[in-house]
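Student: Construct the entire structure; sequences and hints are all you get.
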Amino acid sequence: MNTNPKSYLSVIIHQRIARLLYFRHICWPPLEGRRGPDSRESEATRCEYTQRRSSSFSGTYIVFYDIIPRPVTTTLRRLFSRVVCYSHTNNNNNNNNMGKRSRQRQKNQTPGRDDRDNAVRFSDWGTGYADIVKENKLFEHYYTELGLVPGGEFEQFMDAMREPLPATIRITGYKSHAKEILHCLKEKYFKDIQEVEIDGQKIEAPQPLCWYPDEQAWHTNMSRKIIRKSPLLEKFHQFLVSETESGNISRQEAVSMIPPLLLKIESHHKILDMCAAPGSKTAQLIEMLHSDMDVPFPEGFVIANDVDNKRCYLLVHQAKRLNSPCIMVVNHDATCIPTLQIESGGKKGSLFYDRILCDVPCSGDGTMRKNIDGGCVCAFVTTQEFMQLLQLRIAVRGVEQLAVGGRMVYSTCSLNPIEDEAVIAALLEKSEGNNHTHTHTHTHTLPGSCNLSNIFWTFFLGHWFADWSEVPSHRRTQIRPTMFPPTEPEKLADMHLERCMRILPHHQNTGGFFVAVLVKKAPMPWNRRYPKEGRLVRPPASKKMKLFGYKEDPFVFLTEEDPVFITIQSFYNLAPNFPKLNVLTRTHDGKKRNLYMVSKELRNVLLNNSERMKVINTGVKVWSRNSDGEEFGCPFRLAQEGIYTLQPYIRSRIIRVSVEDIKVLLTQENPYLSKLEDNAHAQAKKLVMGSIVLKYIPNPDNTEDPQCPIQLCGWRGKTSIRAFVPRNERFHYLRLLGVEVFREKQGVGKEGEKEGKEEPGKVAGEEEAAAAAAAVEKEAELDLENGDENASSEPKK
2 MNTNPKSYLS
12 VIIHQRIARL
22 LYFRHICWPP
32 LEGRRGPDSR
42 ESEATRCEYT
52 QRRSSSFSGT
62 YIVFYDIIPR
72 PVTTTLRRLF
82 SRVVCYSHTN
92 NNNNNNNMGK
102 RSRQRQKNQT
112 PGRDDRDNAV
122 RFSDWGTGYA
132 DIVKENKLFE
142 HYYTELGLVP
152 GGEFEQFMDA
162 MREPLPATIR
172 ITGYKSHAKE
182 ILHCLKEKYF
192 KDIQEVEIDG
202 QKIEAPQPLC
212 WYPDEQAWHT
222 NMSRKIIRKS
232 PLLEKFHQFL
242 VSETESGNIS
252 RQEAVSMIPP
262 LLLKIESHHK
272 ILDMCAAPGS
282 KTAQLIEMLH
292 SDMDVPFPEG
302 FVIANDVDNK
312 RCYLLVHQAK
322 RLNSPCIMVV
332 NHDATCIPTL
342 QIESGGKKGS
352 LFYDRILCDV
362 PCSGDGTMRK
372 NIDGGCVCAF
382 VTTQEFMQLL
392 QLRIAVRGVE
402 QLAVGGRMVY
412 STCSLNPIED
422 EAVIAALLEK
432 SEGNNHTHTH
442 THTHTLPGSC
452 NLSNIFWTFF
462 LGHWFADWSE
472 VPSHRRTQIR
482 PTMFPPTEPE
492 KLADMHLERC
502 MRILPHHQNT
512 GGFFVAVLVK
522 KAPMPWNRRY
532 PKEGRLVRPP
542 ASKKMKLFGY
552 KEDPFVFLTE
562 EDPVFITIQS
572 FYNLAPNFPK
582 LNVLTRTHDG
592 KKRNLYMVSK
602 ELRNVLLNNS
612 ERMKVINTGV
622 KVWSRNSDGE
632 EFGCPFRLAQ
642 EGIYTLQPYI
652 RSRIIRVSVE
662 DIKVLLTQEN
672 PYLSKLEDNA
682 HAQAKKLVMG
692 SIVLKYIPNP
702 DNTEDPQCPI
712 QLCGWRGKTS
722 IRAFVPRNER
732 FHYLRLLGVE
742 VFREKQGVGK
752 EGEKEGKEEP
762 GKVAGEEEAA
772 AAAAAVEKEA
782 ELDLENGDEN
792 ASSEPKK
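First residue of the sequence shown? That's 2 in my numbering, and the numbers climb one at a time after it.
Hints in this document: simulated from the structure, not taken from any laboratory. Don't take each hint at face value.
Stated by the list, open to error - Distance condition first, Cα-Cα at most 27 angstroms in a straight line; then the derived DSSO-like pairs of lysine-lysine:
hint	residue 1	residue 2
1	522	431
2	311	321
3	686	676
4	265	431
5	135	203
6	176	664
7	615	311
8	492	522
9	321	592
10	664	696
11	664	192
12	180	664
13	311	371
14	601	321
15	696	622
16	615	348
17	176	192
18	236	192
Tutor: So this is what it looks like as structure tokens:
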């Protein structure tokens, strides 16, 4: 076997074989630790063999393969180094020496488990692990030298960094139920929290964020861990979980709410979220787009993008909670996200966005309060070397996609100016300053922000570099000029970097954050196209983009003549202005299982860019196929997700219900029609079996009842009726009606017996619910005995 590695492939082969022949008594020709004539070494590529005796295993050698071109830096050389272990047979070797040093070390070790950090010794079992020491001298030295924190406040800054992050919630503002949810929080849960004491400390009353409009965001000094673990806050925690799943509340960090606010979104804006996952800011963008509840289809839309295919599905989950037909989730690299085409006036043109959110990946050293590893050394020493280049590329691509007069918000959860002001300065310099893009002032919008006073920073990598000219030549491939402030004072003054905003944790008891608003005044200089003289032919067409990840189901739009609409039109008596062309399905062949709706503008985007982008999800489900629905007149039943989008176009199959009717429908599984009040009972008897809409309209004169409209999907059976509402939404609507809903956890009593059972849901104050349900079951059994097989209201799915 030739053991001289002559290429990368041979090194990998040797490495794989070595793993198989690692154990002793297996012969493998040893490598000589010297250069020979057969090594075929050249000036461009050199091969070093270093051979050393292993200290732990007798007869075992470690060989370091280092086949790296000379110009490559030291970091990359270590990255591509190969370590191969092999066994060298030595007949004179004494096998009894195996592990001798390890046994000697264990013999001399003091009693206990080991000397690792925070490890528990045998004598201390049961005491738990030691608390994590929240201290990083290099972090403190770095930000002390930069002078980002105002004088005399650095100790407060570090003390705030060591404290847990307070819990913050945001109420979904665009939904009509927002006022009722806010009233429920104020009058019930917040008052109960004020009377709770945990570990002898009284919980402070939650307070609204002063800068968030309409008291839609609240924060408390309790951490998320306390809310999740404390038995005294169990009902409040269940309320948060249930309302979050139904899309009425979002648990989001306070500083994370700032970028969407600064975009100043209106209903006609076309919005791009370049790095959207996990989706809390995207949900906020959707809320602002739907600020006018009277318009089911806003003219604008939100395209949420993320480079990670798996995180895109988390993004879909967040967006689906809001049931919007104006959201589309795509999977692309933000640095090269494709330019989309849309049709306008019979001609195709490029799509430019009115608003762009550029919340780029970062080192995250501003998140130390919730992520202890966020302030590690690599967060601002190693990461800054390559993260800044990625951030700048994303920001440049965002400005290219922005329409003239549009607004882009650049944000990070890092305090490092290399990732913040340096990116903004490089972007402005690349776009020729204020002639094309300029920073926008917004400090009056959010009190408590902090800006750099001298607009100057230095670079730290082992030691400080004040200017790029001080960087050694071998470091200039890692440290770029864009990481330093401009050297010309006039150019630096024209950039107005003082308009950027940095949020420090000790000012408002939040995490660390940076945000800057950019307004585009003219097309970017590198986007200008000058035709070359003498060019008689067009450039060759670009190749089709390769889309990686899972292959998604297609998005197939229906035509107005599609047979599906024949029965739907007659059964639900759809309005003439119903946009049939906006309905789509996810299959070309076979029966259509679900039907979705999108806005007119998103349909335009989908039809003209099917080969240009990878769409993960879009639209809201409005109809779902019912296997036995054809015998009732329509094979599709209404879906609760899209009822608020679809209901304005439905002119039949609607039953007006009261508050008491909704309580019966949500607390009983299959109530008989006779359980409804007379008005609703009379309306239901006029309808044939099938899908229905249960609609509640508030009475302004009766302030005790909910003052928001409620619409539920249901099924009218032969003798019974049922509401098709997901579990968390059932709890939500019951809370609006004043019915307390909670889950009882399984506990253990003093005698060791289990107390209570894990119930899917229990309604307090509705003692007759269980008796009514039992009566319904008994009546259903009697009906089945009498041959009434269609008494059940639940259709087959």
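Student: With reference to the structure, classify each hint as holding or not holding.
Tutor: Here's how the hints hold up against the structure:
1. Between the alpha carbons of residue 522 and residue 431 the distance comes to roughly 14 angstroms, so the proposed pair stays at or under 27 angstroms and holds.
2. Between residue 311 and residue 321 the alpha-carbon distance is near 16 angstroms, which keeps this suggested pair within the 27 angstroms criterion.
3. With a C-alpha separation of about 13 angstroms, the suggested pairing of residue 686 with residue 676 holds against the 27 angstroms cut-off.
4. Proximity of residue 265 to residue 431 is assessed by CA-CA distance (about 26 angstroms); at most 27 angstroms being required, the pair is judged to hold.
5. Only pairs whose Cα atoms come within 27 angstroms are accepted, and residue 135 paired with residue 203 is accepted, the gap being roughly 25 angstroms.
6. As the CA atoms of residue 176 and residue 664 are separated by approximately 21 angstroms, the hinted pair is consistent with the 27 angstroms bound.
7. Of the pairs offered as hints, the one joining residue 615 and residue 311 holds, with about 13 angstroms between alpha carbons and a cut-off of 27 angstroms not exceeded.
8. Between residue 492 and residue 522, the direct Cα distance comes to roughly 18 angstroms. Compliance with the 27 angstroms bound is thereby established for this hinted pair.
9. This hinted pair checks out: residue 321 and residue 592 have alpha carbons roughly 24 angstroms apart, not beyond 27 angstroms.
10. A distance of roughly 13 angstroms separates the Cα atoms of residue 664 and residue 696; the hinted pair therefore holds under the 27 angstroms criterion.
11. Between the alpha carbons of residue 664 and residue 192 the distance comes to roughly 25 angstroms, so the proposed pair stays at or under 27 angstroms and holds.
12. For the hint linking residue 180 to residue 664, the alpha-carbon distance of about 20 angstroms falls within 27 angstroms, and the restraint holds.
13. Simply put, residue 311 and residue 371 have alpha-carbon atoms about 23 angstroms apart, close enough for the 27 angstroms limit, and the pair holds.
14. At roughly 19 angstroms between alpha-carbon atoms, residue 601 and residue 321 fall within 27 angstroms of each other, so this suggested pair holds.
15. Of the supplied pair hints, the one linking residue 696 and residue 622 holds, its CA atoms being roughly 19 angstroms apart against a limit of 27 angstroms.
16. Taking the CA atoms of residue 615 and residue 348, the gap is near 23 angstroms; set against the 27 angstroms cutoff, the hint holds.
17. Restraint check: the Cα-Cα separation between residue 176 and residue 192 comes to about 24 angstroms, which is no more than 27 angstroms; the hinted pair holds.
18. For the given pair, residue 236 sits about 13 angstroms from residue 192 by alpha-carbon distance, which is consistent with the 27 angstroms threshold.
In the structure shown, no violation is registered for any of the earlier numbered hints.
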